[in-house]
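K.L.:
For the protein sequence lines, the chains are A and B, in the order given. Under numbering that gives the first Met the number 0, residues 0 to 327 are what the first sequence spells out, in order. Under numbering that gives the first Met the number 0, residues 0 to 120 are what the second sequence spells out, in order.
Do not take every clue at face value.
Claimed, not checked - Here are the simulated PhoX-like pairs of lysine-lysine, each with C-alpha atoms no more than 25 Å apart in a straight line:
| id | chain 1 | residue 1 | chain 2 | residue 2 |
| --- | --- | --- | --- | --- |
| 1 | B | Lys92 | B | Lys102 |
| 2 | A | Lys113 | B | Lys102 |
| 3 | B | Lys92 | A | Lys40 |
Think of the hints as simulated: they come from the structure by calculation, not from any bench.
Read off the chains here:
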Amino acid sequence: MNRCLLKISLVLIPVLLVACTATPKKDLALERVRDELTSLKSNPELAGYAPLAVGEAERALRNAELATGDELYRAYLVYMADRRIQIARTMAEREQNEQALDALKQQHSAMLIKASQLEADQARGEAERARLLVATTSEEAQRAREEREAALANEAESARAAQLSAEEADQARRLAESRASEADYARREAEIASQQIDSLTRQLENLQLRQTESGVVVTLGDVLFASGETQLVDGGLSSLEEVVDLLQTEPNKKIRVEGHTDSLGDAETNLQLSEQRAQAVREALISLGVAADRVTALGMGEDFPIASNEDEAGRARNRRVDVILLDN
Amino acid sequence: MKLILMSVVCLFFAACTSVQPGPEIFDLADQAILAAEAVGGDEFAPVEMRFAREKLASARLGMEKEKYEVVVYLVEESEINSELAIEKSRTAKTRRLVNELRKSNEELDASLRATFGDEFK
Chain A
0 MNRCLLKISL
10 VLIPVLLVAC
20 TATPKKDLAL
30 ERVRDELTSL
40 KSNPELAGYA
50 PLAVGEAERA
60 LRNAELATGD
70 ELYRAYLVYM
80 ADRRIQIART
90 MAEREQNEQA
100 LDALKQQHSA
110 MLIKASQLEA
120 DQARGEAERA
130 RLLVATTSEE
140 AQRAREEREA
150 ALANEAESAR
160 AAQLSAEEAD
170 QARRLAESRA
180 SEADYARREA
190 EIASQQIDSL
200 TRQLENLQLR
210 QTESGVVVTL
220 GDVLFASGET
230 QLVDGGLSSL
240 EEVVDLLQTE
250 PNKKIRVEGH
260 TDSLGDAETN
270 LQLSEQRAQA
280 VREALISLGV
290 AADRVTALGM
300 GEDFPIASNE
310 DEAGRARNRR
320 VDVILLDN
Chain B
0 MKLILMSVVC
10 LFFAACTSVQ
20 PGPEIFDLAD
30 QAILAAEAVG
40 GDEFAPVEMR
50 FAREKLASAR
60 LGMEKEKYEV
70 VVYLVEESEI
80 NSELAIEKSR
90 TAKTRRLVNE
100 LRKSNEELDA
110 SLRATFGDEF
120 K
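So that you can see chain B by itself, here it is in the shape it has in the complex (with noise of 0.2 Å):
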């Protein structure tokens, strides 16, 4: 009885201070930014790249105020933002092809009914 009451406690307490991460949280969300403006992401997804190093700039400036449990959320925030940016871009760069493609094709299409007329149909 004793026992559980303990640890209750402790589960309590662990869940309301959170223990102070180390420096490496910031690796990943570091490596993810970079990761997106590889990708382009600020050309294609300018929004989502500024909210990822605005959740990061956050997240540092609470461990500065050991508000741990806050910089957990905000780098996981900051990751996703990057993540949907190097996605955006893909999808971008996609669309662009498909666009490029069909003005072409609509080029190559006129110019073929030039050529030969109602034949081309």
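For reference, chain A alone in the conformation it holds in the complex (with noise of 0.2 Å):
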């Protein structure tokens, strides 16, 4: 009995040996569901999702691994290996997919509260706008109030000025009719007439303005100073009012006082000369009421001619003081 035993172990050992050692036959359709689940788990999407079922998988492919004989059942096991791998799979897309989900809903959250800032922002600045514009519409309706009101003061100041001249026009014929007889008279009387009106045209052409890089300069011409004189004439402080007005219309700007001279007499005697007339104007605005520290005088000599000096009426109008309203 004993020797049969062993006659029978020696013979199922090797059996055994064989069934357990030997690789089973490469069983195509077990090594594709074994690719699927390394596919699976080494892919870097679905990696970590879906632990659950990743893990029932594995579980249905290692009883699909050990099953031995009956063909049918193993197929059967390694079927739902598979199974269970696809449903891992779809479970971790869904995974997946829910956080894509969230992303997305945190996305169009995002999105709309930026609109949101976006139009506060806009409504904002429109408000502001809206604002700046009332402000200038009525600032503008105040000029123009101003405006209406200066053109009204003029018509009254006008139709004054027209009353004043019409009665002296109509004082000036009773004289003339009553001294129609006496010939000199008239004479007389229209010379001066001819040489208030030449006066006038002078004062005009005095107040020159024109515009140049530094400022509006005013020339005053040839009248404020007898030759070789450094003092106003008579009169010469009242001429300047004009001036003093126009000055006053840009208190914020400075001035600057340039004397010139024509070419005639000593160069350095001519840029003394120029100097002092600079400063005789400067002090005779400041006596107007410009402020003193608006004010500079300068002396330019002769260097600085606007016509030729060849001739008088050239060097007359070299003979002058620009006033200039500087710029900056």
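Reconstruct the complex from the two isolated chains, following the hints.
P.N.:
The structure is reproduced here in structure tokens:
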């Protein structure tokens, strides 16, 4: 009996060993399913999702790998393992989709928040623009009102002037009538009238304005000073009033007073003369109300003529004082 | 010794012939198919639905031909296909949601860009 058992054992042991060690003949279906699981687990986008389902798939695959014998049973286990892997994969995909969905929802609300911020900004900007518009409009209205008032005042002034001149003309006419026989008188009056006209045109000429790079230049012609003098002539001060009116329209601008001479005489003397004259004009301007710190005086001598020094008319134009309302 | 031999023989026979399963073996597989249909399996996972139905039909055929062992396998294979169909349908629905929301975000982005210009990043 013992010998018999031994014999059986000797036969059985190699058989068992063969069964255990021998690799089962290559099962292509099982191979494919194993690859499938490996690819799922190594997919960086899906790995880590649905761990339980992956665990079940692994267990099903192990069952299929360990199964021996019955071909039908093994095929069934391999099939089940394959389905388990498919289930794990689709669950992992779903998990991934859920996360994408969350991210998209966040993106959506972030956009809406940003949009409402921009909308608020825009509304604020529009409110600001509207406020400015209102301010500008009321400023304009104010200016228009002032202009209208000034125009009305002007009108009244002109009417009064017209009235006055009409009266004056009337008087003159009566005077002329009463002295119609006195031809001398008439002639003298005519002369006086023509002189007045002459001085008027000269005054206008004196106040010539021109725009230069440094600013508006008011050129005071050859009427303020007697030849060689550095003091204003009588009445020179009053002829500067108009200039001061102009200067006071821009109270924040600095003023430069430049004296110029013609080329007759010694250049050094001319320079001194021009400087003293400029100084005199400066002081006159200050005495007429221009702030002292606005005004500087400068002698330019004979070096900046605006006309020819060859004839008297040109020289007269060169003898001048420029009052410059500086742009900066 | 005799007892051991008897039980081994009994086990062997039991494995080979396998007893006839009751008709209730199909119930779970039928319910699984219904559940898969309910979540849109025919739309989202038509292949798996077809497998589930075919396997179940084969199982019923096996029952008639008294191949009981195969019947058990086929029923389980039908069930797992229904399960897969359910999972696939649910995944397809989330994918659809993702695509819809992505498209809607793109449209929103475009319209906000049109409204606010480059300020909108």
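K.L.:
Now tell me if each hint is right for this structure.
P.N.:
Now the hints, each set against the structure:
no., hint, verdict
1, B/Lys92 to B/Lys102, "holds (15 Å)"
2, A/Lys113 to B/Lys102, "holds (19 Å)"
3, B/Lys92 to A/Lys40, "holds (24 Å)"
Every hint, counting from the list given before, is met by this structure.
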